[in-house]
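Chemist: Protein chains in written order, with my numbering: chain A, 5 to 446; chain B, 5 to 446.
Heads up, some of the hints might be wrong.
No copy labels: a pair is met if it fits in one copy or bridges any two.
Claimed, not checked - Lysine-lysine pairs mimicking DSSO-like chemistry, simulated, CA-CA at most 30 Å apart: (1) K345 <-> K403; (2) K354 <-> K36; (3) K345 <-> K436; (4) K353 <-> K289; (5) K36 <-> K345; (6) K353 <-> K403.
Worth flagging that the hints you see were computed from the coordinates, not collected in a lab.
Protein chains: 2
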Amino acid sequence: MNTADLGLPVDVPSTALFTDHYELTMLQAALKAGTADRRSVFEVFTRRLPEGRRYGVVAGTGRVLDAVENFRFDADVIGFLRERRVVDEATLEWLSSYRFSGDVWGYPEGEVYFPGSPILRVEGSFAECVLLETVILSILNHDSAIAAAASRMASAAGERPLIEMGARRTHELAAVAASRAAYVGGFTTTSDLAAGFRYDIPTVGTSAHAFTLLHDNERDAFQAQVDSLGPGTTLLVDTYDVTEAVRTAVDIAGPELGAVRIDSGDLLLVAHRVRDQLDELGATKTKIVVTSDLDEYAIASLAAAPVDAYGVGTQLVTGSGHPTCSMVYKLVARAHSADVKAPLEPVAKKSLGAKSSVGGRKWAARRPDEHGVAEAEVIGTGAVPVELADHQLLVELIKGGEVVAREPLDTVRDRHAAARERLPLSATQLSKGEAVIPTEYV
Amino acid sequence: MNTADLGLPVDVPSTALFTDHYELTMLQAALKAGTADRRSVFEVFTRRLPEGRRYGVVAGTGRVLDAVENFRFDADVIGFLRERRVVDEATLEWLSSYRFSGDVWGYPEGEVYFPGSPILRVEGSFAECVLLETVILSILNHDSAIAAAASRMASAAGERPLIEMGARRTHELAAVAASRAAYVGGFTTTSDLAAGFRYDIPTVGTSAHAFTLLHDNERDAFQAQVDSLGPGTTLLVDTYDVTEAVRTAVDIAGPELGAVRIDSGDLLLVAHRVRDQLDELGATKTKIVVTSDLDEYAIASLAAAPVDAYGVGTQLVTGSGHPTCSMVYKLVARAHSADVKAPLEPVAKKSLGAKSSVGGRKWAARRPDEHGVAEAEVIGTGAVPVELADHQLLVELIKGGEVVAREPLDTVRDRHAAARERLPLSATQLSKGEAVIPTEYV
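So that you can see chain A by itself, here it is in the shape it has in the complex:
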């Protein structure tokens, strides 16, 4: 993790505290029992998609790689753990030289996923893998939830750009990750300067009602904005009367006025009226930006309206009803020793109810039909069937502790668009339904 990973100009030496207490006490017990170094395989997967959703979107993988690389127990952290007596001295000693040395494979970021998809696979000693559970799940559960909502909104918006503007509706640093995930899902820009700083996502802004109210009247406010930012700016036209505001806006900025923003009222109706008025005033190239509690359904309902861009806040950063995924990090196989030749035995919880899982180290492939459209998520253990060899989903991300798969965010964004494109058409239906392709275990 580098200085900017928190959207802040600071050095962040460690992510090791983003960890549940029990990871460390389990480590202590396993160290004492001599089982800590047993070769182990953990997998991240979800048992189901959020209700009604047809696909999930893997997001946050790049952040996971940073988090694993910087997972170190430095002196401050060790001091805290000692003072609080979280674990014993032998365990602190072990932790002080911790560095993940195993392998991580996973779905490449931006890929879609389905129930059971082994999104991430972490292999190494039990000790080194178990510690990573909390931070890996935090990142993937949050970022994938946002990306899934973003993807649905991007489908609904079609070619029209989407502006992420939800920073004020979520934790200040979750907001930075949300901007990133939104970009992966298909958003175009963000209002969040920290996201611009950290991830180089283009930042944009319009104006707030406070700016209009600051001035003696709307005309003064518009004049001040245009004087400073030029006629290409976006003027907010719903502080008082929209029709009068649009007239004033064009009067001041001329037909070169960049855009107007509408933030309240019946957006469908108001957008039509404003478009007509702008055209009558000769401002035929002036764009209309709408905001106001939009979600994918509201965006879709505006498809036929003369809207040029959507600004989305609350519903984006809260995952449009599903603010988290239900990804879990489970031990699926382990050997009896650290020896790489020791056979891996599949393991799985056997209790009643929906929480049992499938043991064994898994591969996954997406089987296409004759037209190249996905028809099943195929998951198995053992050898990959020949006909699926070219359709495998997992790629190597960390090899012997070294990150081997960093990539630019635009690559991830393009991958997501391409992956969604290869799903059956019903994937982008907004109505509630089942996963768009079935998961098959072989």
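For this one, chain A is given, so just place chain B on it according to the hints.
Modeler: What follows is chain B alone, placed relative to chain A:
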């Protein structure tokens, strides 16, 4: 903000990037127009509570104070804004010496709130106040949402302790703030080490299924845990067969076994069976901890079950259906100049629909009935009626740019418990309803 505010042992010099792009462009325009220094009053409030909720909980105020204090545009930030051409050189020059010098009043953290409550009031020049909008709202919207869910869960749990264990279900740093907000709302402990590090919240842990699966059998796993952590540990008993696990657990740890955790199945039924079995085995003091997608309703449904503690994850960190509040930050009054003697004029957006707001610098008081039970949230502008003078809610938080109201988290937690106690009894009904007291404007 000090080194640990991110749950990390690092220096964090600035929160200034947690800001929407338009705050800076509005500043630029106002600087050029000569209106930037107009004395202004902004207020944070919410137009409604989340559907069905009877009260809100103010949380995050302490974090807001840190954020305002550390809101500085250092060289790295200025360099970024220049390179991206967010604002012009004159504005960058102004920003480089920015330091909030105004006043902030607000509901003390932990207080309850209702629709319209002026939770925070920020006064100073337009320029210095408008910049703080995004970060203030991020913190209050997130933390208050979590605290409100926590408060309902704490009511439902009664005297039984609540363990916050949702880190893996939300952004890794949102998780730290969520632990803090949960503690304010009435939780007892957290699993999140970063929250323990930063806010001194007691951390606790049990064990995961992976630990059992790592070992050759459940007996080995329990033995390893008890050997290392002592009989007072909490053993997870639902990896295979609960009855057999409980028998093995007491066999190994003896009647001094601290607790068993149940994480699946019909918790009501299983808790009764396990209690009976523990008692039969002589482990009458061994406690039962339940986890597994609990929310306030599930907690309430277990009130008559022999449960000693609840662990809550997903539903806590996602605000139990309401992951954000709808708090806004609005300009409510401004003068025509920077002169402190210039009269403040109330301002408000006038557009159609639910988004209009009430202008003017407000006071708020909670009027009690003859028994001391709250009967109305009274909000007004101008002079406070004599009979309400002793019931005012806003307190001074920042004076001339200096924080004057830091307080320990336990004070905040106690304040919340006391504030909830003074609400009508129906406040803690879990069923959906209206705000438990009306908001009156005078």
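Chemist: All the hints need checking, so say for each whether the structure fits it.
Modeler: Here is how each hint holds up against the structure:
no.	hint	in the structure
1	K345 <-> K403	within (18 Å within a copy, 67 Å between copies)
2	K354 <-> K36	within (26 Å within a copy, 69 Å between copies)
3	K345 <-> K436	neither (47 Å within a copy, 59 Å between copies)
4	K353 <-> K289	between (61 Å within a copy, 28 Å between copies)
5	K36 <-> K345	within (23 Å within a copy, 72 Å between copies)
6	K353 <-> K403	within (28 Å within a copy, 57 Å between copies)
Consistency with the previously given hints fails for number 3 only.
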